Amino acid sequence: MDALLTPACCVALAAITAVEAKLYIAGIVALVSGLVVVMHRNSVIGALFLVLNLLSVAVMFALLDAYFMAVLQVLIYAGAIVVLIIFVLMLLNVGREPRGGPGLGVRLMALLLGLAMVFALVRAVRSFTPGSEDGGVLTEGYGTVSQLGEALFNQYFYPFEVVSLALVAAMAGAVLLAKRYLED
Amino acid sequence: MSEATTFCLIVSAVLFGIGTLGVLPRRSAITILMSIEIMLNAGNLALIAVSRVLPGQGGLGLVDGHVFVLFVLAIAAAEAAVGLAIVLALYRLKRSTDIEVLRLLRW
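Protein chains in written order, with my numbering: chain A, 20 to 203; chain B, 56 to 162.
Hints in this document: simulated from the structure, not taken from any laboratory. Since this is a predicted model, take the numbers as computed values, not measurements. Treat each hint with caution, since some may be false.
[Unchecked claim] Computed spacing ranges between beta-carbons, pair by pair:
| id | chain 1 | residue 1 | chain 2 | residue 2 | range |
| --- | --- | --- | --- | --- | --- |
| 1 | B | ARG147 | A | ALA188 | 21 to 29 angstroms |
| 2 | A | GLU39 | B | GLU155 | 40 to 48 angstroms |
| 3 | A | LYS198 | B | GLY113 | 49 to 57 angstroms |
| 4 | B | PRO110 | A | LYS41 | 21 to 29 angstroms |
| 5 | B | THR61 | A | ALA37 | 40 to 48 angstroms |
| 6 | A | LEU157 | B | ARG158 | 49 to 57 angstroms |
| 7 | B | ARG161 | A | VAL51 | 32 to 40 angstroms |
| 8 | A | VAL63 | B | GLU58 | 31 to 39 angstroms |
| 9 | B | LEU160 | A | ALA188 | 20 to 28 angstroms |
| 10 | B | GLU58 | A | ALA191 | 17 to 25 angstroms |
| 11 | A | ALA185 | B | LEU160 | 18 to 26 angstroms |
[Unchecked claim] Sample of chain B residues facing chain A (criterion: CB under 7 angstroms; computed from the structure):
| id | residue |
| --- | --- |
| 12 | ALA59 |
| 13 | GLY72 |
| 14 | ILE73 |
| 15 | THR75 |
| 16 | ALA136 |
| 17 | ALA144 |
| 18 | THR152 |
Cβ coordinates follow ideal geometry from the N, Cα and C atoms, glycine included.
The whole structure should be built from the sequences, with the hints applied where relevant.
This is the structure in structure tokens:
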């Protein structure tokens with residue numbers, strides 16, 4: 020009943036804030052799971068939280084109207100790459116990282132460098148202006164496969180072919196590396 | 056710039072910092088590879104967020120950012136395959152994935 024009485028602009032405003040709320044939730048989930056990946060001693064649990072991290076970033080992609088990229092993120096990252104990582108973890112049977120590790124100095128240095136990098140990046144974000152007014156409408160069909168394919172096979176045709184060559188080279192290299200015994 | 060775009064860019068910056076925090080002090084080579092994936096992912100998030108607010112053809116949204124993300128995804132897949140193959144080969148040589156043991160290239 021309320022939805023019938025409220026004007027259309029208020030409904031639109033409510034929709035925008037709903038998308039933003041989902042974006043905030045997905046972002047916080049991504050940050051927390053990323054922290055768990057980095058901090059946890061058990062690599063298997065880290066790999067599982069990496070899946071959560073990649074899926075929440077995929078949700079952010081979808082909320083930013085990059086639908087095809089969200090699908091690719093789930094397929095390639097959360098599907099292929101994490102499965103590869105978990106396979107190697109299983110094959111090598113590496114559980115917990117040994118105690119000890121680097122000294123306090125190295126840890127403090129890493130924390131300082133990480134914080135400095137975050138500050139520099141946030142400063143860069145603050146100074147960024149997209150050069151257009153907010154509130155403009157999105158291009159028709161933004162983020163769909165057809166628009167992406169058109170750009171990929173016209174403007175970016177040669178880079179695309181080079182990437183396919185790089186993938187073949189990486190596959191051959193990975194097979195060769197994993198097959199041969201390295202000599203001491 | 057809208058609140059959502061700023062939020063996404065800040066999340067991407069902090070995710071990149073988290074990835075740095077994983078690469079520098081950890082000892083497990085596989086954890087370091089996972090942290091590198093987080094950093095690549097943070098870059099992808101920034102590209103997607105910015106490409107949405109840039110002016111394109113007939114409205115907002117430049118698709119070029121998505122093309123770059125596709126390339127980064129392909130290179131990340133290649134990097135993961137080669138990196139894990141190297142970890143596997145080194146494990147057969149040294150029986151460890153601890154980078155304190157794998158210091159062949161250190162002076």
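Hints, verified against the model:
1. ARG147/B / ALA188/A: 21 to 29 angstroms: holds, 23 angstroms
2. GLU39/A / GLU155/B: 40 to 48 angstroms: This hint holds: roughly 45 angstroms between Cβ atoms.
3. LYS198/A / GLY113/B: 49 to 57 angstroms: Holds - the Cβ-Cβ distance for LYS198/A and GLY113/B, about 52 angstroms, lies within 49 to 57 angstroms.
4. PRO110/B / LYS41/A: 21 to 29 angstroms: holds, 25 angstroms
5. THR61/B / ALA37/A: 40 to 48 angstroms: violated, 18 angstroms
6. LEU157/A / ARG158/B: 49 to 57 angstroms: This hint holds: roughly 51 angstroms between Cβ atoms.
7. ARG161/B / VAL51/A: 32 to 40 angstroms: holds, 34 angstroms
8. VAL63/A / GLU58/B: 31 to 39 angstroms: holds, 37 angstroms
9. LEU160/B / ALA188/A: 20 to 28 angstroms: With Cβ atoms ~22 angstroms apart, the hint holds.
10. GLU58/B / ALA191/A: 17 to 25 angstroms: Since the Cβ atoms of GLU58/B and ALA191/A sit about 47 angstroms apart, the hinted range of 17 to 25 angstroms is violated.
11. ALA185/A / LEU160/B: 18 to 26 angstroms: holds, 24 angstroms
12. ALA59: holds, 5 angstroms
13. GLY72: holds, 4 angstroms
14. ILE73: This interface hint holds because 5 angstroms falls under the 7 angstroms limit.
15. THR75: Where the cut-off is 7 angstroms and the nearest Cβ of chain A is about 4 angstroms from THR75/B, the hint holds.
16. ALA136: holds, 4 angstroms
17. ALA144: holds, 5 angstroms
18. THR152: holds, 5 angstroms
Hints 5, 10 from the earlier list are contradicted by this structure; the remaining hints agree with it.
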